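K.L.:
Chain X is already provided as a structure; the job is to place chains B and L on it using the hints.
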Amino acid sequence: MLKIENLHVAVGGKEILKGLDLEIEAGSVHAIMGPNGAGKSTLSYALAGRDSYEVTAGSVTYLGKDLLELDPHERAGEGLFLGFQYPVEIPGVSTMNFLRTSLNAVRRYRGLEDMDAVTFLRLVKEKAAALDMNPDMLKRAVNVGFSGGEKKRNEMVQMAVLEPTLAVLDETDSGLDIDALKVVADGINALRSPERAALLITHYQRLLDYVVPDFVHVLFDGKIVKSGGKELALELEEKGYAAVA
Amino acid sequence: MAKSTDIKAYMDAFESARGTLPGAGQAWAEDIRDEAMQAFADLGLPTQRLEDWKYTSPNFLKDVDYATLSSGADIMLEAEKQPGLHILSLKEAVAHQPDRIQTLFEQKIEGDALFHLNRAMASDGLVIRVEKGCRIEKPVTIRHSATGQTASHIHHLILLEERSALTVIEEFTGETGTNWTNPAVMVEIAEGATLQHYKHQNAGPDAVHTAQTAVRIAAKGRYDRFAYFTGAATARDDVRVTLEGKDAYLSLKGLSLCKKGQSHDLITCTDHAVADTASDQAFRGVLGAGAKAAFQGKVIVRQDAQKTDANQSFKNLLLDRSAEVNTKPELEIYADDVKCAHGATVGELDKHALFYLKSRGIAPDEARALLIEAFITDQFEAIMNKSVRDNFMAHAKAWMAGRVNL
Amino acid sequence: MAVTAEARKKVQDATGEYKYGFYTDIESDFAPKGLNEDIVRFISAKKEEPVWLLDWRLKAYRGWLKMIEPTWAKLHYPPIDFQDAYYYAAPKKKDGPKSLDEVDPDLLETYKKLGIPLREQEVLAGVAGAPKYAVDAVFDSVSVATTFKKELKKAGVIFMAISEAVKEHPDLVKKYLGSVVPMRDNFYSALNAAVFSDGTFVYIPKGVRCPMELSTYFRINAENTGQFERTLVIANEGSYVSYLEGCTAPMRDENQLHAAVVELIALDDAEIKYSTVQNWYPGDKDGKGGIYNFVTKRGLCKGRNSKISWTQVETGSAITWKYPSCVLSGDGSIGEFYSVAITNNHQQADTGTKMIHIGKNTRSTIISKGISAGLGQNTYRGLVRVLAGAENVRNYTQCDSLLLGDRCGAHTVPYIEVKNPTAQIEHEATTSKISEDQLFYCLQRGLSEEEAVALIVNGFCKEVMQHLPMEFAVEAQKLLGISLEGSVG
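Protein chains in written order, with the working numbering: chain X, 1 to 245; chain B, 1 to 406; chain L, 1 to 489.
Okay, chain X solo, but in the shape it has when bound (with noise of 0.2 Å):
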């Protein structure tokens, strides 16, 4: 589904994933641990396609089509859904108002038709609910005055409404309490399907003791230089990342 390729990437001019290669097969869900500074909010900002993030070299392929000629929005079309790690406010903008135009730009750009009021209002409902989020959060703006975990709560929402192919959560379990990371943790096992994957970019193996990974990878200073089984990630966890890599 996503093949990446030595993938190079400057932030600022300065050189920060140097030659990253990683495959993701349809069905599986993939984990990239390591430590601070090693370029994994970079990797996800890169895959969505944010501006100041240029890619010196290398591709990614994702189902079929150069994702690196695709806008942000387009990526997003595609079915790329990055999670993300400080989700951002918008004031005046409701959560619902903010759902309901993002799911018609990605239906549209599928070539569907917008969905009606009453059908989108169920769905966002019956998602809302399987997440514990209290339905008038749908009323205030996006993120506005939200807790830390109410923000992540409402990224997996997001997800679950948008029900992306591929999603790339960045960092989405830091500074959540253990419920909250369960909610988050029963957000993506319920997206998890042959026909999807999932990136999980995290710090702590502690969400992987919620959500299972097939594959852990553990990026250092831009490249990934060890990957393996889940149990690489309770290594990690032992023996840090210096001693890892």
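In short, the hints are calculated from the structure, not lab data.
In this text, all values refer to a predicted model and were calculated from it rather than measured experimentally.
Ideal Cβ positions, reconstructed from N, Cα and C, are used throughout, including at glycine.
Hints may be right or wrong, so weigh each one.
[Claimed, not checked] FRET-style restraints, in silico, Cβ to Cβ:
id: 1; chain 1: L; residue 1: VAL474; chain 2: X; residue 2: ASP132; range: 32 to 38 Å
id: 2; chain 1: X; residue 1: PRO91; chain 2: B; residue 2: ASP337; range: 15 to 21 Å
id: 3; chain 1: X; residue 1: LYS14; chain 2: L; residue 2: ASP81; range: 58 to 64 Å
id: 4; chain 1: B; residue 1: ASN59; chain 2: L; residue 2: PHE30; range: 48 to 54 Å
[Stated by the list, open to error] Straight-line Cα separation of at most 25 Å, DSS-like style, residue types lysine-lysine; simulated pairs:
id: 5; chain 1: L; residue 1: LYS154; chain 2: L; residue 2: LYS174
id: 6; chain 1: X; residue 1: LYS151; chain 2: L; residue 2: LYS174
id: 7; chain 1: B; residue 1: LYS298; chain 2: L; residue 2: LYS174
P.N.:
Frame of chain X; chains B and L shown alone:
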């Protein structure tokens, strides 16, 4: 005694005084004075129709024949000899170091008639220069006192060379008498230099004080100013600062304690000319019965001045129903990547706080005094020099004690 | 962030450029070009006005001659030649329509294209339960149709062209005309008083809640013609009315002048809600053409506990000079001003409000959202004045500016003048741009850049938009998107 005066009287006064003014006989200085007088004549005396004079009636200029008054202001300098610090009188500097001060003396504040008058008539002043890299520890204090019916046009020039530092304290005091002080201070802060500038305007009860200050700050330079206004019948403080280099920083703070018969007008114009500069402004006013104060602050962010960070805050406390306060915090922004905010509040003492204090057994007058003191103390926090802060605070406490109707 | 041409095209198709730029070819009566006493008399005669009104106009005209154009606003435009315009243009009528059925079909078609329902049956045939709107349609210098007059009459509401009201309710007009905005209040109000040709008159009797939204739709059609309408709304004790106005004009290369005066009077316990969506032709992207909009709007909260609320969405005009104000003279009265002003391309707006607190316990709220894009210059200019006798005044002002692009400007000029210590005045202002974080977040959720900007801008304006009547709000939201066309990328 009230006699209307006109531009002609000022020009005549200028002609008869010019032979005695610093720089007399030196062509370049005479040229500057001529040009300044012409600019004054072209602009004419200010009127209330001018936006900058909206809240101060310039009629005082017509009530007393200031043009013909002799200069009666004394300047007293208090400064210790310190390496790298050079202080000359305007007369000495013009005579002996023309090359050093010519450019500073040439600087003008466009459109400001009283500044041009000052420059034409400048009879005295100090030229303070700090050498490159010298950080002067002991403050330089300039005391101005005016007596009787006099008019004075003092012109100070302050030049801080690269990475130097200085603290200047300006003080204005005076006895009764309708004296007019019309001082100008021109400041140039070179790269990495820092100037702390404190001013206490405590002129006599009938005095008129109209001050102009123009400041240029180069890259990494810093200017901290605090204007404490308590004196004069009519006082204006007009400060214009241009941030001309990256990472230049400006702090403009002030407090007016204004009582019956007084009018204080504090005006600032901050010009962010280049990218990556910051300014922070905060002014407060405490107004007693019959007092009138105005705070007008303008912040300009030029098109190239991206990443500007500018804050403005004006807070006013009205202690009596006959007080009047006017506030105008103005933003003029031509760059998009900026953080600019301003806030202004006007009101009386917080009723909830008053009630809270009273409920703890504090007498109403005492409670009011406590809250006013808190409002003032909070503002003085901006003063970095401790002895200045203590002096101002002691003065403010005396001011409060002297007010019956707080 | 680069936006593909295709995406841009899609948005363009979805939103369209200035939609109302067409011209209706209709035979019109013109007064001779230029302005002098004869023109004033001509207009008055055309309107078959009583002598007192002609005298009033002439007095205004003579006053105007001595006045000079205000130059204090942050607006730059070439001098206006007041002699180079027509001050009166009216569609030729045969005998004057007796009923809506007799209105010139070309006019009906024009309003249909503008989306304005002039046929009551069409309105009635609409969705069941949808709110009804009564419309007064002003075409160039005259009112061409007023709907639902009968139904309103039943409720005692007077809703008609002001020229008609002069004839049918002379006492009311005489009593209130110029009572809030004196004829010589300013240069443009004096000009308007001299040459105003039509406008809307509304009177809501004691205790009546107006049964439907009232609206006036202003259309400039004729070339080289100024529009000078005058609106007068009087809400008697305990009454309520919500009034809307919309404005459009054809696309033309030359600038056209619009100088309106609106006066509102609210007596004891009355409430007037006045909403405007101003979409005059803004000129093209190079700044050619567009309407010069110089408007004086003022409401007098004359009675105790009365309330006047202005809501405006200003997206059109090349030049906007407009300060809808409230004179809060009745004790306990309330003034509100909610404003969204957009300037794109070469547009300039200098707009804001004045809240004059005279009565005790008066309150005012000002929320202003300015959006600048392209080379647009946007100024909020406001005054909050508390007079000495006004006890316990409260004012809250919030001015937020959003800059889209690095060649536009956003300016804030608030005056706060307080002469009473019991006043509590708060003013806050911020200036910001759409953060790259916000934009990217939206793009990542599948929104195109235009959609993302429109969404964020609508969020920025929400506090104002929610004060618009529902139908207007939807229209205004779309308009925001259209107005910002081409401002990103």
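K.L.:
Could you run down the list of hints and mark each one as holding or not?
P.N.:
Hint check:
1. VAL474(L) with ASP132(X): 32 to 38 Å: Holds, at about 33 Å.
2. PRO91(X) with ASP337(B): 15 to 21 Å: Since PRO91(X) and ASP337(B) have Cβ atoms about 18 Å apart, the given range 15 to 21 Å holds.
3. LYS14(X) with ASP81(L): 58 to 64 Å: For LYS14(X) and ASP81(L) the Cβ distance comes to about 59 Å; the hint holds.
4. ASN59(B) with PHE30(L): 48 to 54 Å: Once the Cβ atoms are compared, 51 Å apart, the range 48 to 54 Å for PHE30(L) and ASN59(B) holds.
5. LYS154(L) with LYS174(L): Distance ~24 Å between LYS154(L) and LYS174(L) Cα, so the pair holds.
6. LYS151(X) with LYS174(L): violated, 61 Å
7. LYS298(B) with LYS174(L): violated, 44 Å
Of the numbered hints given earlier, the model fails hints 6, 7; all others are met.
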